[in-house]
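Peer 1: The residues making up each chain are set out below.
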Amino acid sequence: MMNIDPVKALDDKVERLKKDLKSLGDRVDNAQTDAAQQQLSTTNQIRDTTRKIAKTNDRVTELAESVHRLERLLVALNRKVRASETQKADFDTWPEIEKSLLARILAGQEAYARKTCTPQEAKDTRKAIAEYDRAALAAIDAAEALTTLPPNAEALWRKKYRQWRAIKGMARPEAPDENGHAGDTAAKSAGNEAIGRARELIRARIEDAVARDLLFPAWFENMLGPAAPPGKADDWLYTATDVVLYRLLHDVTSPASALGRAPQEQGHRRDLHDRLIVECAEYRKA
Amino acid sequence: MAAEPFARLADRQHALRTALRALQAAGPGSPDFTALLAETDKEVEAVLRARRDVEAARLTVPNRAIAAATAVAALVVVIGWFDGWSLLSVLLAVAVAAAVLVDPVGRRIWEPRARTAAIAAALLAVLLTPLANGWAALAVPAGVAWWAWRTLR
Chain A
1 MMNIDPVKAL DDKVERLKKD LKSLGDRVDN AQTDAAQQQL STTNQIRDTT RKIAKTNDRV
61 TELAESVHRL ERLLVALNRK VRASETQKAD FDTWPEIEKS LLARILAGQE AYARKTCTPQ
121 EAKDTRKAIA EYDRAALAAI DAAEALTTLP PNAEALWRKK YRQWRAIKGM ARPEAPDENG
181 HAGDTAAKSA GNEAIGRARE LIRARIEDAV ARDLLFPAWF ENMLGPAAPP GKADDWLYTA
241 TDVVLYRLLH DVTSPASALG RAPQEQGHRR DLHDRLIVEC AEYRKA
Chain B
287 MAAEPFARLA DRQHALRTAL RALQAAGPGS PDFTALLAET DKEVEAVLRA RRDVEAARLT
347 VPNRAIAAAT AVAALVVVIG WFDGWSLLSV LLAVAVAAAV LVDPVGRRIW EPRARTAAIA
407 AALLAVLLTP LANGWAALAV PAGVAWWAWR TLR
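Read top to bottom, the protein sequences are chains A and B.
Position 213 of the first sequence, counting from 1, maps to 213 under the working numbering, and the rest follow consecutively.
Position 128 of the second sequence, counting from 1, maps to 414 under the working numbering, and the rest follow consecutively.
Pulled out of the complex, with its shape left as it was, chain A reads as follows (with noise of 0.2 Å):
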C-alpha cells in the first residue's frame, strides 16, 4: 500500500523503525542475560576444577612422600637382604697405608697452611734476637761480677743484680729459619707424594668392592649412597677417595657418620669436610 500523505508515510516508517529497534534491544536484553549465565556457569567450572586439583596436588605430595619412605624402606631392605648373603667390603682397616705416610700428608698439609714470613718480619725478628743476645750477654757479665764483688759494695750487687734481672722477663724470639722455606716446600711436595700414594691404594680397593659388588660399610653408603650415579663414577670414586682419606687423617672411627663431628677452627680439615659434605650431597640427590 502506498501512501500518499507524506507525513503519514513518514509516521509510518518511524512507527516501523521504532518496532526494529524494540525487537533488538530486547535482542540485547536477551544475548546480556544468556552471556551472564554463561559466564556463571563457566566461573563455576572453573572453581570447580581449581578444587580438583588442588585436591589432586595433595594427593600427589601424599604419594611421592610415601614414594620417599618406601624408597627408603627399599635401600634399607637391599642393604639387609645384601647383608645377609654379600661379603662386605672393609674401608675401615688400612695395613698398607702406615702411620709414616699419614704422618708425611699433614706435615705437608701443616707446610701448606703455614704463613711464610716477609723479609721485613725476618729482619725484625733477627733484630729482636741480636737485641736478646746482647742483652744475655750484658746479663752474664753482670752475674760474672756477682762472683767478684765483696760483700759489703751493696752498691754495686743491687746494680749487677738489676741487670742480671733483665734477662729474666725477656723471651728470645724463634728464629727465623732460613731453610725454613726449602723445608716447607720438601714436605709440601713429600705430602703431595703421599697422598697420591694414599689415593692410589684407596681407590684401588673401592674400585675392587665395586667390582666384586660388595657390601659397603654403613657409613659409606650412608655418606655417598648405594653406588655411583650414572655418568660421574669417577668423580664419585674421587670423593669417595677423599671420604677414607679425610677418616684415615683425621682418626674418624665412627660406624655411622662418615666424618665425625664437624671440626671447629679454620683450615685444611675444616676446608675438606666442607667441601666432602656438598658433594657428597650431590651424590646421593643424584
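Just so you know, these hints were derived from the structure itself, not from any lab.
Treat each hint with caution, since some may be false.
What the hints assert, rightly or not - Between beta-carbon pairs, the in silico distance windows are:
{"id": "1", "chain 1": "B", "residue 1": "435", "chain 2": "A", "residue 2": "261", "range": "57 to 63 Å"}
{"id": "2", "chain 1": "A", "residue 1": "153", "chain 2": "B", "residue 2": "439", "range": "34 to 40 Å"}
{"id": "3", "chain 1": "B", "residue 1": "300", "chain 2": "A", "residue 2": "130", "range": "29 to 35 Å"}
{"id": "4", "chain 1": "B", "residue 1": "297", "chain 2": "A", "residue 2": "130", "range": "32 to 38 Å"}
{"id": "5", "chain 1": "A", "residue 1": "98", "chain 2": "B", "residue 2": "300", "range": "38 to 44 Å"}
Claimed, not checked - Below, simulated BS3-like cross-link-like pairs (lysine-lysine); rule was C-alpha separation at most 30 Å, straight line:
{"id": "6", "chain 1": "A", "residue 1": "232", "chain 2": "A", "residue 2": "80"}
{"id": "7", "chain 1": "A", "residue 1": "168", "chain 2": "A", "residue 2": "188"}
{"id": "8", "chain 1": "B", "residue 1": "328", "chain 2": "A", "residue 2": "159"}
{"id": "9", "chain 1": "A", "residue 1": "88", "chain 2": "A", "residue 2": "285"}
{"id": "10", "chain 1": "A", "residue 1": "22", "chain 2": "B", "residue 2": "328"}
{"id": "11", "chain 1": "A", "residue 1": "55", "chain 2": "A", "residue 2": "285"}
{"id": "12", "chain 1": "A", "residue 1": "168", "chain 2": "B", "residue 2": "328"}
{"id": "13", "chain 1": "A", "residue 1": "159", "chain 2": "A", "residue 2": "127"}
{"id": "14", "chain 1": "A", "residue 1": "99", "chain 2": "A", "residue 2": "159"}
Ideal Cβ positions, reconstructed from N, Cα and C, are used throughout, including at glycine.
Got chain A sorted already, so can you dock chain B onto it with the hints?
Peer 2: Relative to chain A, chain B alone:
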C-alpha cells in the same frame, strides 16, 4: 763462726761461676739456654742470699747497738726535754727501735743495711728532738720509707 757466712758466700760465688761457664758455653741460641738460665738464676739468688747472710752477720750487733742507743736517748730526751709535741718523734723512734731490737737484720736480701738506715734515722730523730721538737719526727718516716724502698722493691 764469723767466718762461716763468708765461706758460704765464696762457695756460692764459686757455684755461680760454674753455672755461668755452662751458660756461656751454651750461648743464647742453644735450645737448653732457657733451662740453664733458670738454673743460673737460682745460683744468683743463692749468692745474694749468702751475701745477705754475710751482711746480717756483720750488721746484727751494730743495728742492735744503735737501737739500744736510740731507746736510751729517747728516755733521756723524754726526761730532760719533756714536751708534749716532742713526744711524737720520741714514740715513733722508740717503736722503730723496738722493731730493730727484736729483729735487727730482717729477712729479705737488701734488708740488713736498710734496717741500719732506718734505725740510724730514728736515732737522728731522737737527737734532733731537743732542737726541733715534733718536727724531728719527720726523720723517722723518712728512714722507714728508705727501708721500704730498699727492701720491698
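Peer 1: Which numbered hints does this structure break?
Peer 2: Numbers 2, 5, 7, 10, 14, in rising order.
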